[in-house]
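J.: So the chains spell out like this:
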Amino acid sequence: MGSKQIFLVDDDVIFRTASSILLKQNLPDYGSVPFENGEEVCDALLALTQSKESLPELMFLDINMPVMNGWEVLEELKTALPKICQDIKIYILTSSIAPEDMNLSKTYDFINGYITKPLTTNDIDNIKEVLE
Amino acid sequence: MKAYQENTLEGIAFPVITVNQTGDVCAISPSVSPFFKRNSKQRPTSINDLLPNYMAAFGGKLKAKDPLETTLPLFCDTGRKRWIKASAHPLNDGNGHIQILFEDVTQTKTRYDLALQAKTIAKVGSWTVDLTTNTLVWSSMTKRIHEVAQDFVPNLEKGINFYKEGTSRERIIAAVSDCIATGKSFDLELIIITAKGNEKWVRSIGHAEQINGKTIAFSGVFQDIDEAKRERLKYEALSERLKIGIDSANVGVWDFDLINNELFWDDKMYQLYGVDKEDFDAVYDAWERTIHPHDKERAAKEVTMAINGEKDFNTEFRILKKDGSMAIIHAEAKVFRDENGKPYRLIGANTDVTNIKQTDNRLRRLLNVTEKQNQRLLQFTNIVSHNLRSNSSNISMLAGMLDTDLSAGQQTEFIDMIKTSAERLDETIVQLNEIVKIQATDTSEMAPVGIKTTVEKVLQSVNALLLQADAKVNLDVDENLTVLGIKPYIQSVFMNLVTNSIKYKRPDVPVEISISAKVAKGKTMVKFKDNGLGIDLKKHGSKLFGMYKTFHNNKDAKGVGLFITKNHMEAMEGSIALESSVNEGTLFHLQFINQAN
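Residue numbers (the numbering used here), protein chains in the order written: chain U, 1 to 132; chain Z, 1 to 597.
The hints are all genuine.
With a cut-off of at most 20 Å between alpha-carbon atoms, the simulated SDA-like pairs for lysine to any residue come out as follows:
{"id": "1", "chain 1": "Z", "residue 1": "K372", "chain 2": "U", "residue 2": "E100"}
{"id": "2", "chain 1": "U", "residue 1": "K24", "chain 2": "Z", "residue 2": "D405"}
{"id": "3", "chain 1": "U", "residue 1": "K24", "chain 2": "Z", "residue 2": "I415"}
{"id": "4", "chain 1": "U", "residue 1": "K106", "chain 2": "Z", "residue 2": "N382"}
{"id": "5", "chain 1": "U", "residue 1": "K24", "chain 2": "Z", "residue 2": "G409"}
{"id": "6", "chain 1": "Z", "residue 1": "K539", "chain 2": "U", "residue 2": "V67"}
{"id": "7", "chain 1": "Z", "residue 1": "K539", "chain 2": "U", "residue 2": "C42"}
{"id": "8", "chain 1": "U", "residue 1": "K24", "chain 2": "Z", "residue 2": "G400"}
{"id": "9", "chain 1": "Z", "residue 1": "K539", "chain 2": "U", "residue 2": "M68"}
{"id": "10", "chain 1": "Z", "residue 1": "K505", "chain 2": "Z", "residue 2": "V473"}
{"id": "11", "chain 1": "Z", "residue 1": "K503", "chain 2": "U", "residue 2": "V67"}
{"id": "12", "chain 1": "U", "residue 1": "K24", "chain 2": "Z", "residue 2": "L402"}
{"id": "13", "chain 1": "U", "residue 1": "K24", "chain 2": "Z", "residue 2": "Q410"}
The following residues of chain Z were derived to be distant from chain U, with all beta-carbon distances above 12 Å:
{"id": "14", "residue": "I173"}
{"id": "15", "residue": "A175"}
{"id": "16", "residue": "I244"}
{"id": "17", "residue": "I593"}
These are calculated hints, taken from the structure and not from any lab test.
Each residue gets a CB set at the ideal place from its N, CA and C atoms; glycine is no exception.
Taking the hints into account, I'd like the entire structure generated from these sequences.
T.: The structure is reproduced here in structure tokens:
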């Protein structure tokens with residue numbers, strides 16, 4: 001795996017598998033790291049900040065997840081790890097098209113975008129521009 | 001002319017004089033001067049010296065035939081008016097002399113005038129029937145009431161014909177006949193039609209005059225009571241209407257005399273409070289005794305506040321009736337104050353609002369349930385769309401990627417993943433269907449379901465799972481206990497709870513489930529207790545029964561079970577609640593109804 005990492009947070013194993021292949025095809029310099037829920041990714045990020053290892057460039061965050069959902073992750077980041085909010089490009093990647101969710105996402109000014117599933121090469125092309 | 005000097009009246013002790021036909025005084029008694037307050041030395045020469053207008057009253061010449069009586073005013077030096085009655089009697093002495101006796105009738109006359117005045121104001125007339133001559137005499141007021149001319153000559157028949165045909169005439173005829181036959185008095189309020197055609201209420205009172213048990217005459221008073229009667233009738237109609245209104249509105253009225261601490265209740269109040277009249281001692285405390293202990297202090301305080309003018313009395317309180325039942329009373333009152341603002345009286349109205357309140361509460365509960373159901377349906381649509389979309393988007397994503405250059409191994413993997421997604425999509429749709437079906441449950445299809453047999457059946461069907469988990473189930477439910485419900489729903493509820501207990505068991509602790517039931521107030525409470533992982537209620541409490549919510553890191557959890565269970569329970573008009581602490585287990589309270597509402 002390359003040094004640049006993408007955190008992929010989603011409880012759906014099929015989606016994780018499919019999208020990591022899609023990302024590899026379109027962003028070959030990046031390696032994707034899967035997380036099943038919000039708690040796992042928060043623990044990982046916390047560990048990274050303490051170990052001074054490099055943070056991921058990009059994070060895709062699902063909303064509907066067991067144990068700790070996407071919103072709870074964002075709240076945690078905002079209060080506990082505000083620096084990360086600036087350093088990582090965060091995208092919400094969800095199947096929810098509910099207006100309530102879209103509106104709620106706008107209240108977090110540090111996130112870079114709201115993508116509705118399925119993830120497409122088009123979406124990845126747009127993200128590429130932001131990364132460069 | 002006999003010599004006046006002879007004065008034949010010298011020894012008479014009362015005021016009397018003898019005059020000739022032209023009024024010249026012939027003799028005079030000694031008391032005349034003091035009677036007329038005159039100097040006794042100045043002897044009157046003419047009767048006009050004593051009573052100035054006397055001769056004029058008779059046209060200047062007195063007839064010496066019949067006795068004559070007249071009453072004339074006399075103004076004294078002090079300005080006071082006296083009424084003097086002069087009774088003249090011819091002496092028949094051949095000289096045409098007349099003796100005149102004086103009498104002071106001021107007092108009588110004043111009284112008479114006052115009475116006359118009163119009669120005129122009160123529109124009281126009189127009448128007399130002389131049966132010997134068969135004549136009827138009406139006073140002028142009686143004539144005025146009948147609206148006939150003053151020279152009208154009535155007779156008994158004419159008089160009776162003034163009464164309005166029908167009840168009024170029948171009653172007067174009966175009363176008059178009775179009066180004649182037996183001497184019985186009467187006092188009637190009847191309608192006459194006056195000579196001018198006006199309808200009028202009159203009061204006719206008659207008394208018989210009897211000699212030797214035979215009525216020879218009868219007389220009475222006749223009063224125009226039209227205005228008063230009409231007012232009274234109007235008032236009676238009004239109060240009757242009011243009474244009907246109050247009766248049909250189920251309103252009780254009370255009147256509280258603050259000065260004497262006397263409380264008056266109308267009949268409706270006794271009905272509302274379920275109190276017998278004899279049991280109620282008409283004081284404030286008697287009212288307070290009926291009030292529910294929880295509301296007593298507040299209600300009493302509100303009365304005090306109303307009396308003190310701090311707050312209008314408009315409140316609700318519960319009362320306990322004699323038969324032990326409870327009612328909710330809505331009460332309003334008005335405080336009456338004297339000119340100093342001191343309250344002296346409280347009048348109020350009470351209504352029984354128990355039924356309204358109960359309906360209100362039921363509606364509120366229904367609304368509450370409906371609101372919750374709506375909330376869940378909203379959540380349902382959002383989350384279902386999420387689940388449908390996540391699977392369908394997976395399929396479209398995977399299918400799209402099949403076109404790209406994938407290894408043969410990856411291709412197979414993708415096709416497997418598409419299959420899985422399709423299955424999950426199908427499963428979601430099945431769940432959807434299930435939930436829609438529950439929402440559309442018809443409660444009239446509910447029937448008695450035996451709890452014990454149903455649970456036993458569920459346990460049987462998951463026997464393998466129970467054995468595998470080394471589970472022990474204590475089923476402590478009466479054989480005959482039934483609840484009102486839908487059997488497949490109840491099965492599904494217990495199935496879900498049992499499988500959850502196994503799924504969320506504590507590792508290395510054998511599963512133990514206890515099921516017990518208790519009936520209270522037409523409802524059955526079932527306790528379902530396990531010794532599993534428990535749920536962190538602080539963290540998950542609010543979304544416990546939400547759709548697609550999971551609370552453990554269990555990969556099989558789909559977050560549908562409790563959502564469906566809650567829907568099942570509510571569709572059967574029951575409910576579900578739980579107590580739990582992490583690593584100690586979970587206790588579910590299932591409430592079923594025993595009979596239809």
